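> Now for the letters of each chain:
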Amino acid sequence: MKDTAIQVINFSHFYGQQQSLKNLNLQVYRNEILGIIGPARSGKSTFLTCLNRLGDLVPGSRVTGKILIDGQNIYCPGIEVAALRRQLGMVFATPVPLPMSIYDNLVFGPKLQGKKYRLDLDGLVEDCLEKAGLWIEVKDRLKTSALKLSGGQQQRLCLARVLALKPEYILLDEPTSGLDPISTMKIEDTLRLLKKDYTIILVTNNTKQAARVADRTAFFLMGELVEVNETGIIFTRPADKRTENYIEGKFG
Amino acid sequence: MKKRFRLKPKVEQKAVQFLLCLMTSIAVLILIFILAVILKNGLPEISLEFLTKNPAHMGREGGIFSTIVATLYLTVIALLVATPLGVGTAIYLTEYTFEGIVTRIIRFGAECLAGIPSIIFGLFGFILFVNKLKFGWSILSGGLTLAFMVLPTIIRTSEEAIKSVPAAYRLVSYSLGSTRWQTVTRVVLPSASPGIITGVILSLGRSIGETAAVIFTAGSALHLPSSLFSSARTMSVHFYILAREGISMPKAYGTAAVLVIAILLVNIVTYYLMGKYITRSSRE
Amino acid sequence: MAGGNMIARHEGSDRLIKISLLVVAFSAVSVLVIITIFIFEQGLPIMMKYGLKNFLLGQNWFPSEKSFGLLPMIVGSLLVTLGALVIGVPLGLASAIFLTEFSNRRVSRFLKPVIELLAGIPSVVYGFLGLMFLVPFIREKFGGSGLSVLAASIILGIMILPTIISISIDSIRAVPDSYREGSIALGATRWQTVRMVVLPAARSGLVAGIILGMGRAIGETMAVIMVAGNAADIPGSLLAPVRTLTSNIALEMAYASGEHREALFATGVVLFVIIMILNFLANLAARKQYRKK
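Top line first, the protein sequences correspond to chains V, F and G. My numbering applies: residue 501 is where the first sequence begins, and numbers increase by one. My numbering applies: residue 28 is where the second sequence begins, and numbers increase by one. My numbering applies: residue 2 is where the third sequence begins, and numbers increase by one.
The set of hints was computed from the structure by calculation and includes no laboratory data. Among the hints, erroneous ones may be present.
Quick look at which bits of chain F chain G covers, simulated, 3 or more residues with Cβ under 8 Å [claimed, not checked]:
1) 35 to 48
2) 139 to 145
3) 259 to 268
4) 277 to 291
Cut-off 25 Å, straight-line C-alpha distance, at most; resulting in silico cross-link-like pairs (BS3-like, lysine-lysine) [to be verified]:
5) Lys190(F) / Lys648(V)
6) Lys113(G) / Lys41(F)
7) Lys67(F) / Lys113(G)
8) Lys611(V) / Lys631(V)
9) Lys648(V) / Lys686(V)
10) Lys50(G) / Lys159(F)
11) Lys190(F) / Lys19(G)
Only some residues are given here: those of chain V computed to face chain F with a beta carbon under 10 Å [as the list claims (entries may be wrong)]:
12) Ala582
13) Arg585
14) Leu588
15) Thr594
A quick note: this is a predicted structure, and the numbers were derived from the prediction, not measured. Idealized CB from N, CA, C, for every residue including glycine.
Taking the hints into account, I'd like the entire structure generated from these sequences.
Structure (structure tokens):
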């Protein structure tokens, strides 16, 4: 029996009158990579932002149903949202380094929690950059602006910045959509390594990426979860005709 | 229909271009002339002595030291009061609420305030600070009146600056577990600071040059101000009195030159900052 | 387990910050309200006592004899403001059009900041130079004392030039280039394009700039006092002296007391109302432009 980390129960999300997620039911197991595929505007990214409640920031956003993370409903009142977001680190589609040095980007999260000791932070920075596969490239210029890095480096920096939060979950929203193949490969390698310590949810518009990296894959369409299964099964004998059509490139 | 005389489009174009060029030259020349006259007549008056000595005989003799000090005091008080209020308002409008009736009321209030002439601020400051609160004609009354006068400028420029901070920065900051306030202080304000500073400096320039609002609130005593409650005469008030009462034209020119140079410096710094700000935000 | 530490201590401090910021955000509105209340509280009673009509339409301002007719000042303010617009608007618009549409880029890039720098010159300086150069010039060429409607109009016209030029340039630049290209592709000359496409598209921005300049002109005090002559009579010609609402306050405030002082606040009330109407119009014009975008 696998250890269930996140359980989504009858979950719906609305922007104003429009329903963007329709009655989702889904489990995420510990230490797996769950790939989420689907055409644009199918609700994949919305689903991610519901998991760490970033969606709360959009005016007119509203949810029904439950999301249990480690048994705790994250939409029950009294949840400290900031702490929740530290648990579920998120990497966005376009790399967004904050306009400060590489070092300051990495310690941004830890410093919010009041961690100040230089030595601890130095160790953390090295550790996270190492894990994200960026340490060797930037170790001599930690104090230079993060905006000067290349796109691929910036995205790995964003990943390292998330790791510095010491999260249990990593949410990735099409993290390689703007990157070249080599940078993409580096990120995918990193994800495979991270799997043993983290539970990872990877939204991607590149079905091949899901096939390469994900343990299980979910297919979203128009805010609905069409099906979710072992990646091998989804890509060879999907249960639903729509999944098959999408994977074969008939639409999307 | 009467036959109307019409120029050929090409000829008309040339004529218009000439006319526009002429009018532009007139406008620009007038403005440059003003600057040139002030500097030409004023610069010879400026010396170390002029800047460091207090006025004597109603300003006929001596320098303008006490008026420089008074101007500094007044503008510092104005900015110390107006900056937190203005930036706070801008933060509330952009970060802490959605657009709605409240933001509309606040913006409308700020816009109306921006349109009120300085003499009305003068009247108001006179009644509230000088009379009702019994601060008398003083640095404090003048500074507070100026603060209210420049408040709308600071609100508007800060709001623009904060709005131009990319939304992605906020999203990243929240996703890294910061509260709203942490996002504001650690990400938004540092990114917006050049724009905010620009607004503060613009207000500084306006406070330095203001006369009508100051003369009824800070008074026009010529001595060196000794406390927040002493009456004081700013440079622009001093200049106004020298010129209007015909006390000393050379001293008036000298004061005007100091005033104009100070304001030009302030504006040039603003331009420099704004330029930096624009190149930075377009690069991102 | 992670669940435990996710339960919040309440985010009470964030709520506290929000409330404090809301209070701060109402500072501008409160200042506006307080100013309105104070000016009206001081000025309205005397207007009621002597009759609104006597105040607004009375032609004699003799505070010592309890005669508080503001008509000369109202006419004076409107007259010099109109004069300022007659001088400032054509020059300002022409400069803005020339600098955006006809001059080469380097010239406009150099001149716009210079013009905006000049917007910072204190109004007293404009008044002073008017007194030194313009007033003697008018005295010699046209006769009279030189302290006149004409002098005040010219000085105010020049003073509002930078405001009008810089706002007009901004709103002309905001017209998308595709409009111009479309018009030129149809065979229009540059000037025809400007007249028939660019200016109509930028119109409400230009109007807003002019109204802002107008507000500055009608609210100006010190510069006007220096060149206008300040006689409290309705001026019979352009060369006659004139007193505006603002000057009326500034000239007599220093020594006024009792009902005289209240009458000056009443002057403030009239000025305030005129300015608010202008603000309202400017708002309307600006909003129209916004909606179009």
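> Compare the structure with each hint and give your call.
Status of each hint after checking the structure:
1. A stretch counts as covered by a chain when three or more of its residues have a beta carbon under 8 Å from one of that chain; for the stretch 35 to 48 of chain F and chain G the count is 9, and the coverage holds.
2. Note: the stretch 139 to 145 of chain F has 6 residues with beta-carbon separation from chain G under 8 Å; the three-residue rule is met and the coverage holds.
3. Residue count for the stretch 259 to 268 of chain F with a Cβ under 8 Å from a Cβ of chain G: 3. That meets the three needed, and the coverage hint holds.
4. Note: the stretch 277 to 291 of chain F has 6 residues with beta-carbon separation from chain G under 8 Å; the three-residue rule is met and the coverage holds.
5. Restraint check for Lys190(F) and Lys648(V): the C-alpha separation of about 24 Å stays at or below 25 Å, so the hint holds.
6. Distance restraint check for Lys113(G) and Lys41(F): the Cα-Cα separation of roughly 23 Å lies within the 25 Å cut-off, and the hinted pair is therefore satisfied.
7. Between Lys67(F) and Lys113(G) the CA atoms are separated by roughly 23 Å; this keeps the pair inside 25 Å, and the hint holds.
8. With a C-alpha separation of about 20 Å, the suggested pairing of Lys611(V) with Lys631(V) holds against the 25 Å cut-off.
9. Between Lys648(V) and Lys686(V) the CA atoms are separated by roughly 19 Å; this keeps the pair inside 25 Å, and the hint holds.
10. For the hint linking Lys50(G) to Lys159(F), the alpha-carbon distance of about 24 Å falls within 25 Å, and the restraint holds.
11. A distance of roughly 18 Å separates the Cα atoms of Lys190(F) and Lys19(G); the hinted pair therefore holds under the 25 Å criterion.
12. Interface restraint check: Ala582(V) against chain F, minimum CB-CB distance 5 Å, threshold 10 Å, status holds.
13. This hint holds: Arg585(V) has a C-beta 5 Å from the nearest C-beta of chain F, less than the 10 Å allowed.
14. Taken as an interface hint, Leu588(V) checks out: its beta carbon lies about 9 Å from the nearest beta carbon of chain F, inside 10 Å.
15. Look at Thr594(V): its Cβ gets to within about 7 Å of chain F, closer than 10 Å, so that hint holds up.
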